[in-house]
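Participant: Line by line, the protein sequences give chains X and D.
Residues in the first sequence are numbered from 1 upward in steps of one, following this note's numbering.
Residues in the second sequence are numbered from 777 upward in steps of one, following this note's numbering.
One or more hints might be untrue.
[To be verified] Only pairs whose alpha carbons sit at most 30 Å apart, straight line, appear in this in silico DSSO-like list of lysine-lysine:
1. X:K256 - X:K46
2. X:K172 - X:K238
3. X:K172 - X:K350
4. X:K238 - X:K46
5. X:K256 - X:K308
6. X:K46 - D:K910
7. D:K910 - X:K144
8. X:K172 - X:K378
9. X:K547 - D:K910
10. D:K910 - X:K601
11. D:K956 - X:K611
12. X:K378 - D:K910
13. X:K256 - X:K238
14. X:K46 - X:K381
15. X:K481 - X:K732
16. X:K46 - X:K350
17. X:K238 - X:K308
18. X:K481 - X:K547
Simulated from the structure, these hints should not be mistaken for lab results.
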Amino acid sequence: MHYRLFRSRQHGFLLSLLLLGVILLLLAAIGAGVYAFSLDGEVREKFEGKRWALPAKVYSRPMELYVGAALGLSDVRSELDILHYREQAGAGSPGTWSLSNGSLLVHSRGFDFADRSEPSQTLRLRFQGSVLAELESTLPQQSKSGVVRLEPLTIGSIYPKQNEDRVLMQLKEAPPFLVDALIATEDREFYSHHGISPRGVMRAVWVNLTHGKLRQGGSTLTQQLVKNFYLNDERTLKRKLNEAAMAILLEMHYSKQEILETYLNEVNLGQAGPHSVNGFALASQYYFGQPIGELELQQVALLVGMVKGPSLYDPRRHPREAVARRNTVIDNLYNVGRITLAQRDAAEAKPLGVISNPTATGTLYPAFLDVVRRQLHKEYKEEDLSSEGLRIYTTLDPRVQNAASASMTESVERLTRTYGRRAAGIEGAMLVSNPENGELLAVIGGTQTRFTGFNRAIDISRQVGSLFKPAVYLTALESGKYNLATPLDDSAVQVSNPGGKTWEPENYDGVSHGSVPLYDALAHSYNQATVRLGMSVGVPPVLSTLKRLGVSSDLPPYPSVFLGAATLSPMEVMGMYQTIAANGFQSPLRSIRAVVDAHGKLLSRYELEVKQVFDPTPVYLLQFALQQTMRSGTGAAAYERLPHELIMAGKTGTTNDMRDSWFAGFTGNYLAVVWLGYDDNRPTGLTGAMGALPVWVGTMARLHPSSLTPTQPENVMWQWVDHDSGKLSSEKCSGALYVPFRNDTLPTESVACAQGTVPAMLDRMINKVKEFLAPR
Amino acid sequence: MRAFRWIYLAVLLLSGCHALAPAPSPQKTTVPLHKPPATTPAPPAQSNLKAPNETPVTTIPSPPLPPVMVPQPPRRMQDGGQSRALQGVLASADSDQQAGRLDLAAEDLERAVRMAPQSALVYRRLAEVRLAQKRYASAEQMARKGLLFAIGHAQQASLWRLIGMTRAGLNDAEGARQAKAQADRLVSLPD
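Chain D with its partners taken away, still in its complex shape (with noise of 0.2 Å):
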């Protein structure tokens, strides 16, 4: 039993390096332990060059694995989360659009942005506004950066369904139908 930690422990020595080497994390890169045989590189490019060099393979060729699932990046977004501070701003310019003062809507929203740049909800409520001041390309791009940020396709959906609105607002019918039925395809979407 004696002899075999020791055997042990030299493999680890012998490895100390690899066991101290930084655990991958997203958007780093591994150090890499050895190269691996060295790959003959491109031949030197000729003038006009078009297409990039395939790097020729000479390590045994695998069958094509389908990509496997691996742990993607946690999600963190600034979007404000539970601030009752936000949610106040959001009932003021709701109050405002209510009462007809779109342009004091708008300032409260911009203010949204300012204390949570990547809600979609802030961007979905600032497209509601364009769409009430009848400015329907500039509702449409709001939509758009709000899917930009979009949780879920419920989110998403009710986004499409904006977007519908305002291309209808320009007399694009088929532009309407269109965002209409991709909204209908995610609401159908799991979530």
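Same shape as in the complex, but just chain X (with noise of 0.2 Å):
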């Protein structure tokens, strides 16, 4: 007997649908698990591992405060001033100062350095003109020596390639209101939904249709966030359903506070240039120049506010519509209840307060970053470089960078004035460093604010002119064969080439000027007698010179090198006035004191290293004359805005046809290189000392110089010699000069001017004179 299975052939068709039906279904649950599964993976692989590519932080030097540095209460606040330090009665909390009674308070922020953490505390500044005469801390056991640091200022980052910039934060460093402005805002449901909100989405579209705006986000958090790990902005179906997916399977894996942080950290809110803002934190500082930790309500409010359409509502560009979408973020608190009625009408009447030039982003010292980022590329390769982390101590000193550019850009604007349109599109560059450790303060590339990534300092080389003449007359000086008072012969001069062609080499100012003593015919820069030197002590010495003073480039071998016909970058040339700065010692020029990795673990160190190349004694000589330079010769000017009490050394540098305008010059603790000059060579019209002198002057004025304190060696006596002859004299003698010698050169003859001369028998009448009549 047969069971018949079907009553009948529809019922047969039927259940084989069915059958075939679960089967698909079956299928499509198997097909969409192992999608999900997949996806899972991709959620996972995107939020945890390798989250971001953190780029290198750079930062510049930290401001070393300890009682006798040499800081007034100017520097100090300019310091503040640069690291966005608000004013507060009492101080009270980071990132504040306040004066009082003579006393400067300042709460310091604090900092996590390589080797030592420098914890917020409050300091009391007094100070005696430009000293720092005491210093007090709340927490004077923290710092063993007695030197408390300053914060340093972020000065840029090194960026990855997707050309993104954060600076990380956690959940915890927070300020008060952010996340309930955020939730209020974007995500009423986030602490309840499951990674998608129906509720919020129908909520959002009530909102947004009753009051005609848009005033509520319609996606979750969670949802934004795993549309920002999407590269690119894609807003098909597709894409919107595997967000949604992906938003779930987040939720499912973490928690609500890692979500939460995570946005925090990634969300986009503005972009710097080619580089995006993202993050709270790294907002901050662009936007505000503080710390994420310093926010107020308002300041919080326009940063969420920006996350709905970060150049719709960039407070920079679009003002009014940045402080509507502020207040609307504001007032979504006040409707939560997060804040009062007082609190929102407080937090709303306040200004914008966004700073107009950030730092963090890299835009302000472009020319510096670039010379760290060269000096890095030596050692890291790029990609550890923009995603490890690193932190980068520089040497920069934001004071005097900003006392340089401001200087640059006075002078520009002043050749603009005088010159008109013939001096448009004049460049420049110019660094300024420590002239005893070599380290870098201040770089700038270019006479315009954009950095176009031709950087002047570094990139161009230029014929140095008269910058060169040290060399010669350092030769001179250390051969024993002269002294500074050894009369030079300045008229024509005439040297034959090996090409069988003479050379003619002219002053300046046209003018042969007989004799003159040495350092004076450095002093004004003279050409002919400069030239008489070098074929005295011959070109072969004065290239060794010129080596050991770490000139690398290629030399003339000819008697043109007398006056400079070569070319180097303003960065060669410090490297040359370093060498004379520093006594005869070379030590590299530095940008970097130190990496360090994200785990505050070092990884280099850039250390002060010195080689002694010269004897210090003729570099002392040398420096003498370098000093008449600034008080009789080619720039003098310098002393019409700078104190006469001021002891500073320097060479001036004018080349053929006034085509670069040069200044190389030093103070006890400043040196500085300037070059002016247009970059298709045409002649500017200017001389060193009209071009670059004054932008070199307008920088020290700026700041606080300190006098230059050669230490005399041993082997080296003052004199008093004749200024035509050079031979000994003494002090009551007219035309006597008081001379530092080696003891090997010092003149054995003297003038006939002793105690028998006219002026010193006037002079012991005078005396008696004075005394018949002085008051009884």
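Got two chains here, separate frames each, mind docking them using the hints?
Facilitator: If you want it as structure tokens, here you go:
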């Protein structure tokens, strides 16, 4: 007997259809499961592991405070302004200062340096003129040495290829109102939904319809976070469904806290040139110059408002829209009961308060950052530099940099006013360093504010002209055949070249000055006397001197090298003058002090190195001559703006047809090199004294340069000598000069000017008269 | 008496500029009152000049005099003086070095260089740290820089002794011996 399995044909058909349906559903379920599994994998991968490529952060040098530091009230106040500290009576919170009863109170923010942590503390500073006289701290035991460091300025970042920038923050660092404002504005159901929120979508639609404007977002924070993980902004249905699925998966794996923290660090809040501003901590630096923890209600509200549209609500480009959006967020906070009416009104009345010159994204000191980057590339690969969250501590001094920039701008404006269209397009470069240790304090790569990548401080190679003269004189002084008072002949000179042609260099003023003391020929930069001197000591010794001074470029082995017929970059010129300023000791120019990894471990230190390349004595003598350049020579205009008591040394440089205007000079604490010229090498019409010198002087006038204090070597003796003959004289004689000598080059003859001269007799008589007429 | 007074006053007036001339001071040149009788300058140079021409003397030649010891310019140095902060930083460097944290000691000392750029003591300490790091060539250069700022023979001697140790580290026995000899010589000199 058979069973009839199916009653009828229709039943059979329906059942097979059912079976087919079940099988298909199973397959679909398996398919969906597999797909979900792969999505899940993608979510985990994006969320975990190396979540972000952290750019390297670059810091300026920290200001070091200690009793006796050469810092006046205005210096510290400048630094505080640069760090965006706010004035607040009593300086009760980090990032504030207050002036009372002649004391400056500073509540520092603290900073985690590579070697030691500097905690946030309140400091009381008292000044005596330009010296920090008293320093007290609420945490005196923290500093073993009595030196307190303010935090460094973040001057930029080295970006990963995606050009994203961020500063990481933890959830607990969020200021009050940040999380509340975010939730009230973007995702009210955040703590209760599981990734997507149908209620949220519906409410958003309702609110937006009734209020006619975009008050609330429809997608959850989780969905927005997922959206951010994707590189492009595809808005297809497929993408939206994927995002929704991933949001749910994300919530399954991670806690609300983790998702929120990631969101705070991920969300895009603007664009700084080619670099995107990601995360609230970086946005806080970029818009307000302050760490995220310091932000007040209205500042927080602005940033939260920008989540919806960072360019639409950009406070710098669309301030009105930004304020309106900010106030909407403040309203949201009030509507959910997180702030009082009074708080709302107070916050909405506040101005935007956005800073105009952000440094956090590296737009303010591009030339210096360029120098740093090039130095780093010698040792680090690009990927490591831009993704491992390295911290780079540099030598930049923001006050010096700002002074140099201001001076350069002032000079360019003055030149434009004086010469009109002829001065259009004038370019320049400047470097400032610490003469004793080679630390670079400031770099300027051009006269225009927009940096195009062409860094004239390093990338140009220009004729140096008179800047090489000190090498000729140094060679002469080292030889023992000359001293500073040796009379040199500045009359017309002819030099035959090997090719048979003659070279007749002329003085700049076209005049021959006869017999001049050696130091004076350098101070006035006389070409004729210098060439004669150079011919006397010989080209090879001068070339050797230049090499020892650190000039590594190709040098022409001809007498034209005496007058600087060679091309160097401003950086190379600085290296040469560094050795002169440091008494014959070469120190490599450094822009970086240390590189530390994201966990605080020291990776590299760029240490002080010195190498003696000259005996100090001839360099000491050369420095005397370079001081006379400022007192009575081509640099004398400096004393029109700088104090008479300031002892400084320098050399002007003017090249053929005035295509280059140079000045290299140093005080006790600053060495600076300035170049002005045109990129296309056309004549500027400016000598070193007319073009570059004012930029140098303007920089020093804005800082506190200390006098040069040259250390007199043991085998140097100062003597009175006769100006014209270089022979021994005495203090009371006319034409007598007080000049240093190396012992073995002291003049042995003296001029006939001793006690019996007319001026000396008169002197005695006058003293007698004074005695006679003195009140009894 | 009165007549004398007027004569003296007349003389005073005549030489008024001289009395008002700025007093000669270091590193400045005195303003010549009268140019002494012109000494004939050297004849114009020919091509391929070799040696500088001596300026012929037309005044009465005096016998060569030994240089008179004139007052030297006062010595001013940025060596930190008695700064307690500097002493604190040096003490910090000491304790770091004793604890074997040579990198940190070097950092402290580089801070000290910024605070007192012309201190022989700071460079001597830097040389000692380099010595401890077995960076002998670098240590000698630090010591040489210290010599630049050393005051007194005792300081110089201690730096030469350090140089002796750095050369020994480089197996330069002769150089080490010379440095030590220099140190001994300096110690025996009055300060």
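Participant: State the violated hints by number, sorted upward, taking the hints as numbered earlier in the document.
Facilitator: 2, 6, 8 and 16
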